[in-house]
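Each protein sequence line maps, in turn, to chains A and B. Convert by adding 49 to the 1-based position in the first sequence; the result is the number in this note's numbering. Convert by adding 6 to the 1-based position in the second sequence; the result is the number in this note's numbering.
The set of hints was computed from the structure by calculation and includes no laboratory data. Nothing here was measured: the structure is a model prediction, and the numbers come from that model. In this text, a Cβ means the ideal position worked out from N, Cα and C, and glycines have one as well. Careful, some of the hints might be misleading.
[Stated by the list, open to error] For lysine-lysine, the following DSSO-like pairs were computed, each having C-alpha atoms within a straight-line distance of at most 30 Å:
id : chain 1 : residue 1 : chain 2 : residue 2
1  : A       : Lys54     : A       : Lys87
2  : A       : Lys159    : B       : Lys63
3  : B       : Lys58     : A       : Lys86
[Said to hold, decoys possible] Far from chain B, by Cβ distances over 12 Å, these chain A residues were calculated:
id : residue
4  : Glu64
5  : Ile69
6  : Asp80
7  : Tyr81
8  : Lys87
9  : Thr94
10 : Lys105
11 : Phe111
12 : His125
13 : Asp133
14 : Val136
15 : Gln144
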Amino acid sequence: DQQVKQNSPSLSVQEGRISILNCDYTNSMFDYFLWYKKYPAEGPTFLISISSIKDKNEDGRFTVFLNKSAKHLSLHIVPSQPGDSAVYFCAAYNQGGKLIFGQGTELSVKP
Amino acid sequence: AAGVIQSPRHLIKEKRETATLKCYPIPRHDTVYWYQQGPGQDPQFLISFYEKMQSDKGSIPDRFSAQQFSDYHSELNMSSLELGDSALYFCASSLGTSGQETQYFGPGTRLLVL
């Protein structure tokens, strides 16, 4: 039972354009969400987070949007750079304090 | 800034052997988490420790055990290894366990069981 879902296994974007990575969750009690970026042979690197009391959080080129009614969040990267090519994981804390990960989306930014 | 350190980075074992993975959290972090990531899968939570006490348990097999020591480093002990234990094992650390803290991950240990 996948409580955090990233339905797009891969995404290809041209350099300079916007990358939009999507994430859906099933439990309306989830109240804190994080995005991680992972390169091969490395651990996940924290990118940005958002609390359920907000609907947007921005940090440089990265913005996360949260739509609680739709149980959906998205990560926007603009402008996209070739170095952004990696696997992006969405994660949420469940009521037990466990971090639940989505399946990941592999982003490829073409020069 | 200091990051989470894991050792070894790579480990090859045979079936039924034992393995010990080590994790050194970011200084002043009091919470350590262990995750297992199989090929093409998302990281799955195994177990966590807060202030040297087990704080939560996930899908950790009974053959595995872990502990957190007085210096906050943690060790994951894996016995009677099976082929299916081959995976990436990540350790993460955080300050506190509020359910809204950022977990910072180490580079992982890649375990191969032959």
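### Query
Can you list which hints this structure breaks, lowest number first?
As far as the earlier hints go, 2, 6, 7, 8, 9, 14, 15 are violated by this structure, in ascending order.
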